[in-house]
Structures are given as C-alpha cells and as structure tokens.
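Here is what each chain is made of, one letter per residue.
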Amino acid sequence: MGPAGACLAPRTRTKPGDQWFAVTEMFERAVNIFWVLLGAAAASYAWTLGIIGSSGPDSGLFPFVSALMIMGSGLVLLLQPRDAALAPDFPRGAALGRVLGVSGGLAFMAISIPFLGFAVAGFVTMIILLHAVEKSGWVFSVSLAFISVAAVDWLFGRVLGMALPSGPWGW
Amino acid sequence: MRNPRIAFVFLAISLSALLATPAAAQGDGAKADLAKLKPKDFPTGPIEFTVVYPAGGGMDVTARLLAKHVENWSGDRIVVNNRTGGAGMVGHAYLATQAKPDGYTVGVIANLMWGDAMLRAQNRWAYTDLEPIGYLNSDALTWVGPTEGPYKGMSVRQIVALAKDKPGTIRAATVPGSMWDYILDQVEANTGAKFLRVPFQGGGAGINALAGENVDIAQGFYSEFRGLAEAGKVTPIGVASSERMSFLKDTPTMNEALGGNEYLWNVIRFVVVPKGTPADRKAYLKAAIEAAMKDPELVAEYVKAGVYFDPKLTNAARMEANLNEYAEREREFYQKTGRLK
Amino acid sequence: MEALVGLLTGFGVIMTPANLYLCFLGSLIGTLVGVLPGVGPLAALALLLPVTFTLSPVGGMVMLASIFYGAMYGGSTTSILLNIPGEAASVVTCIDGHQMAKQGRAGAALGIAAIGSFVAGTLGVIVMTFCAPAIAAVAIRFGPPENFALMVLGVVCTLFMITRSPVKGALMIALGFLTATVGIDVVNGRERFTFGSVDLSAGIELLAVVIGLFGVTEILSNVEATVKSTVVAERIRGLWPTLADWRASWRPMLRGSGLGFFLGLVPGGGPVTASFMSYAVEKRISARPERFGKGAIEGVAGPESANNAAVAGSLIPVLSLGIPGNPVTALLLGALVIQGIQPGPLFITQRPDLFWGIVASMYVGNVFLLLLNLPLVGLWAQLLRIPYRVLFPIVLLLSVVGTYSANKNVFDLWVMLGFGIAGYVLHKLNYDLAPFIIAFVLAPLLEQSLRQSLAMSPHGAMIFIERPATLLMLLCSAGLIALMLRPLPNTKGGRL
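So the protein lines, in turn, are chains A, B and C.
For the first sequence, counting from 1, position 89 maps to 89 in our numbering; every step adds exactly one.
If you count the second sequence from 1, you need to add 171 to reach our numbering.
If you count the third sequence from 1, you need to add 512 to reach our numbering.
These aren't lab readings, by the way, just hints derived from the structure by calculation.
All values derive from a computational prediction rather than experimental measurement.
Check the hints yourself; a few may be wrong.
To be verified - The calculated lysine-lysine pairs, modelled on DSS-like cross-linking and capped at a C-alpha distance of 25 Å, are:
| no. | chain 1 | residue 1 | chain 2 | residue 2 |
| --- | --- | --- | --- | --- |
| 1 | C | Lys920 | B | Lys271 |
| 2 | B | Lys239 | C | Lys680 |
| 3 | B | Lys446 | C | Lys680 |
| 4 | B | Lys335 | B | Lys323 |
| 5 | B | Lys323 | B | Lys420 |
| 6 | B | Lys207 | B | Lys457 |
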C-alpha cells in the first residue's frame, strides 16, 4: 500500500494499552497542535502582508484564508475522538533503521553534491542505500554503484547534454 | 573570345570571387584575432549563458541566437541555461551573488535588472556587481490597441482623453513593478487620465488578452505582438522611444502623441559577467561577443525581431559608461516617484 | 475540403526518411523522458533545443513536438509499476494503476494506458486538423474570469480524491494552497514567505514536491516493510487487457479525450489538470465508485487519455494563434522564432508546409509511440522481477538527477527530501497526499485569475456572473458539490 493508494491492511502491530500506542497517540496529538500553530503563524504573517488592497484582494488574502483553514482543521482533529483502528503504525527496530538509513543517504547526497560533485556523491550514496536495506555483498554494491553512476552520468551528461555538478577533481 | 557572354560570366565570377575573398579573409582574420586573445587553459568546458527568463521567450531567443554565433566565431561550447523565477529576480541574484566569477558564467540580461537591484535586492547586491561586456540590442515599449470593439482605430491621444473623461473604465494590461506600470503612472500624472490596470506576468500575456478582448489596451515589444498585428488582431498605436521605428513608420511615438520628452521606456539587452572575473578571460569573452555582433547574419536575425541599436551603446568604448548613466537615470526616477528613499 | 488538402500536403512534407527518423527519435526520447522520474518534457526540450539549429524547421519542430506528447506515453510506466510518477501529469495514474500491478495486472494497466494515449492523441489531432482555426478563435477569448471558474472546478474535483477523513483532506488542500504562495506574488511583485532566501523566492519547485511526496515517500514506505524481494508479489497474469477491460475502458478513454482536449486549450489547463479532472469525472460517473483506489481500470484509462489529449489541445493556440498556454509550448514557439519563422494567426497561411507538416507528424508520431510502447509492456513488466533492494537505489539516483534537472539547484534536493519524509509521516497518519499536490498546482492560477478578474471588472465580483462561460462553469462546480453531499444509491449514507 503506497501513499498514492488507499490503505487497506488491518492494523496488527499496535493495540490500545500498548506503550507504543501511547507514544503514537502523543505524536498524533503533537502533529495536530503543529497544524494549529502553523495556521496561526501563517495567518498572522499573511495579515501583515495586507488582506485587501486598493484594487481588490492583496497579497495576504489567499494565504490568510488557507492558514485559517489549516488552523480550523487542526482544531477539529484535536477535538475528535481517536479511532484506535486507525492508529498509525510507526516502525520500530530494524524497520526504523532502514527508513532512517535511506533518509540519511539522501541527506548525504544533498549535502555533498556541491563539494564532491555528482559522480562521487552519487557513488557513496548508492553504497549507503544498498547497505541500508539489506547488507548486499561489498563487491556487488561497489560494482552496481559504479555502473549506475556511470550510466546516469553518460545518459544525462553526454546524451542529453546536461551539466551535472562536478567535484574538486573536475568530474 | 568567341562568345562575349562567356567572357562576361567569367568576368563576373572572378570579380565576385575577388570581392568575396577580402570578406572571407576578414572572417578568417577576425577568428584568428579572437584566437590570439584566448587565455591559456580557458575554456576547458562549456561556458554557461544564463538567461533569467523562461525558455522560448524574447530574451531566451536573443541569447540562443547570440550563443549560436559566439560558438561559431570562437569555437567554444556554449550552453544556454534558464534560471527563472521571481520575474528575473532569482537569476539576477544568482549572477550577482552565487555564480563563480571564473569566466564560465555569462549573464544575458536586460536593464530590468536595475529595478531588481535598486528596489528588491535589499542591499544584498548592487547592479555594479555585474560588469557589462557587450551590448546586444534595444526594444522600445509599444502601446498596442484593439482592432475590434469600441476603441478600435483610436490613437493614443484619443484613448487617453477617454480615460480622463471616464476614469477607471479603460482596461490596460500591465506588468506590476516594472516599466509597464511606470509609463502608466507617467501618463496618468501628466494628463489626469485613470486606467483600470489588469496585472499580467509579461507583455505577451497582456497582448494575448487584448486579442481576446479581455483588456482594451496592452503594452509590449515588437516580437510579442508582431504575429497578431500582421493578422490584424491588434495594432500598435504608440512607441515609447525618441523617434519612430523604421519597421513601424506609421506609428507615432508617445512623445509625439502626448507631448513632452519623458515617455522613453525600452528594454536594453546586454551581456555581463560577475564582478571579479579575471581580466584576460573577461577581455576574451568581450571580443568573442563583439565578433558575433559584427556578423551580418546575427544582425539580420535581430533586426527581424524588431529591435533597434542604440547608438550610445554600440560604441564599445563608451558602452559601460553610458549604460551606467542610464542606470543612474532610472535611480533618479525611482527617487522622484517615491519608490526609493 | 481545405483541411484535407492541407493534411495531404503535410503528409507529403513529413514522409521523407529524415523527417520520419526525427519523428521516431523524438518519440523515443519523449518516452524515455516520461519514464525517468523528474525529468519532464520541458527540461528535455530545453536541453535539445540547440540540436534543432542544425535541422530544417520542419524536422526540428517535428522532433520537439514528438518529445512533448511522447512524454505523456512514458509517464504512466513508473506510475503503474512502482507507484512513482514519471511527472506531475502521471500522479493520478499511480492511484489505480499501481493497485492493478499489485494484483498482477500490470500488463493490462500498461496496455490500456498506451492504447488510451494513442486514442486520445489521434482523436486530438483529428479535431485539430479540421477545427483548429475555429477553436482558436474561441479559445483566445478565455480570460481571467473563465480561468478562475475553471480552477474552481478543478478544486471541486480535488474533493473527489479524498478517500479518508474529509477534515484531513481539507487540511491537505489548504496546505497545498499555502505552500503555493511561497515565493513572489505575480500580481504585484511582492515576496511572500521567503524570509530573505533567494531559493525560496523562486517558489517551491513542483517537480521536487511530486518526486518527494510520491517517489521518496513510496520508497520509504516500502523499505520499512519486511524486506520484500520484489515490488509485486503476485505473478503477472497475462500481458494484455481482457475483454472486460476493454468494455470498461473505452468510454473513459473517449471522455478523457474530450475533457483533456478542452483543458489543453485553455491556458493554465494542461495535462496535469486534465489527468485528475478526468479521474474525478470517472469516479463520479461510475456505477461502483468504491472500486476506485483499488485497481479500477477506468482510473487509468481516463487520466492517461486526458493528458495526451491535453497536449493536442495545447498545441492549437500555439499553431493557430502563436499563443503559448504553458512553458513547454512557449519553448516550441521560441524554437520557431529562432528558426526565423514568425508564429501567429498567419502562420498557417504563410507556412502551410510547416503547419500541416507538424499536424501530420502527430498522426505518425502517435503510431510510432503505440508501436514503441506496446511491445515494451512486456519488458517493463520484467522490471518488477528485479529485487527491490537493488531497484530502489537506482530509482532514487534517477530521482535525484531528475529533480536537479529542473533548476540546477541543490536546494530542490532538500525540498524533495523534506517532502519525502513529511509525506511518509503524513501517510502513516492517514492523510491523503494527492489533494495536496493538486491544490499546489491549481493555487497560483486560481489566485492570479481571481485577482485579475476583480482588477478588470468595473463591478467587482459581478464579472463572474456577467460572462456566460464563467457562469456556466461555476454552476457546474456548485452542482458537483451538491451531488457530492447527496447520498448515492450504492453506498451507505453520504459520500463524505
């Protein structure tokens, strides 16, 4: 079940009374509070932009209305009773490790591209990603990373003529 | 000679060959001169021509035509890159603050950059952070009127009079925060007219709206309205320049129509490098652009787009000084109208 | 008839080995560009524009145009197989297309997508052939009030995408609107929510959001689950649509074509809007709407046809009037100008060879694309056999490059990552993500046309009632909302 499709599988991991359940409940409440705060902050900023100008709506109107909607929805969600069957199913243990590993790999890529250039940053990132999910053999990881980065570089750099950022070594 | 005709043809051919050779030799000579100026180990990769407006637009087309000819003359590889956003602000800020001044980034921009630098840059950069290395062309802002509806066939004077009699009824397309607004401000201040301003993202969008009878007058540049004008959907009625355009002989200037001398608004397209670019690379790029601008093919392509060449800027020696003078004049305008303290 | 004569001229122009080759090459590149996440037709066209300098005007334009509509064919591939959209116009295809893939019916989904694209593309060109000038004359009168009404209709259609809590759905829509305001207000040039950052003043890049919200989120979700060996557990059952599939799909294809064509005509419409409006229409019209979101083939046939028809529609103002409706067609116009050709209403009479050559090439191009994409269905389906732990790093690498290609700005990679993580968390908390992206796409034009309309109206908001087309569309929106609140025969209680 991906984000673009409806979620169908029944929740089996968390149950009321579970300690983890309480943690997720707190997290959900925190998110709802976040919506309210975000809406309030955005609305006040939009107010300073001006709501009605000389010739009709000003810059602030649209964001102001949207922010109010966010705040209102957040409030409704805070006040709604919680449906245990729809409790979020946050990952723990190894699963959490995998998710953090992939996120970390992407963050590394974003941080290092300006310094190392696409080729090297991509190579290292691929290896991180291949190891984050399942410990593939080193030889396999290195060769796959190398081939992928080289292929992408060829496809975009040569065939399509797009300049990918280069590192301190010039490529 | 048995057949005088053959002799004539022979003579004609050899004469034209004789005349062509200096031209060709001049071509080779110019290329050789340019090659002499090329610094050692520059360029080792493609040079980026940064365009701050979207691909396909007037500025983009100008830059791509220039890039094509500079490539021809210099033999270097040029890649045109569009860095768009914020009506040019993002690209201007990139060129002034983020681009490396190593000669590999060249900006093909317009005088609209001065407005961004003076009014919106918030002291992060100034227009002097971008050094001009070549002048391309200028385009005069033109008022365009409808060919259908109650205002068809009217002159600028008539429309302005109507806008004064019935303020707030004549819908004028404008691009907020730039010369489109400024000229309307001037007209309104001088004549007491009042237009109903409809904002658009560019001159072209306003002209399309005019053709669809969604506004009553629009403003833009020749390349933007030429297609519709030739088909009779819109018609130019006033040019904000000091004299009439050679390709719009029947269209009076705004100064002629309304009197005075202050309706002078045009787009000046020129090439810059970020401040701090090494002098030898800057000189080489300058020469390459000059060589391309002397190419009659490029000049012809520009002329077809309805531009004119400002004599104050075509002289390479005086170009930078005169450009800065124009910039300062714009700063005075902002101060006078209270946009700048 | 004049049009037929012109069309024959066009075929004469294009049936040369060089032009046919360029049409094929463009179709191939377009398909590839559509498949690659992030890289869209705009980036590809901008990159390949210099190549057209060395080609003849006909050849160059044919190649560029075929890349444009080719990308709409390829976009559905990764949507269906990996739940990762190839570009924004394929987001909607993920919803039911991927569910079909998980049920082992990837082949049918891919096949219907390709055929729907072909039907829509061809129908679009046929209408173009005979009605282009007449349609253009009407399209040019579409002004800010009509745009506004259309965007309102779009927002109403977004409500059909909400499958879970309506409150959360409304929140996502509002959040989409708010996020779209980050940047420079086009109506008066002021900076909003930029906090002094140059990167933010450009606004938040749509591609980065789409790839993050649907690509990265999907990968994070899959990676978290017990490590599956492949994306799809079930064996692929048959590569071709069944008769039942055909019966279910042909009407959505036709509806999608009509809707998409109309939306392509108007500026601010385009393939993205067309795809999800078609989805909403199909869901609304269906006798059993509860199947949507679980692998209803109508949810693939309609949107895929719509986005292809929108391409044909968007080319009409360009070729008949010289007016671009979106950045891609603006680029096509620029390409014409660089070649020394003046686009405009006289284009068809001044250069009939070029006009009809491009139109004829679209017939040929659609055939090429069908021939290219159908056999590839089998090949793509094999992609599902690759172990996920190998597949996802490659997809991520391509996503990074694709996102970067939009603005050559590393900031967009952070946007991608940020939205990926946020999307992952929100998905866990049972939020629908599709309404966010649609609101994000519609908001700029919604706001701009509202303010333009009010600026140009001497009587304030009355302008929305004075103009017939606007009034009609607004009434449709109101009608749709009313229908949504009324209970349907097959479902218990109301829709919301």
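How the hints compare with the structure:
1. C:Lys920 - B:Lys271: With Cα atoms ~15 Å apart, C:Lys920 and B:Lys271 stay inside 25 Å; holds.
2. B:Lys239 - C:Lys680: Between B:Lys239 and C:Lys680 the Cα gap is close to 53 Å, so the pair fails against 25 Å, i.e. violated.
3. B:Lys446 - C:Lys680: violated, 51 Å
4. B:Lys335 - B:Lys323: holds, 18 Å
5. B:Lys323 - B:Lys420: The hint holds at about 19 Å.
6. B:Lys207 - B:Lys457: At roughly 13 Å apart (the allowed maximum being 25 Å), B:Lys457 and B:Lys207 satisfy the hint.
Of the numbered hints stated above, those contradicted by the structure are hints 2, 3, listed in ascending order.
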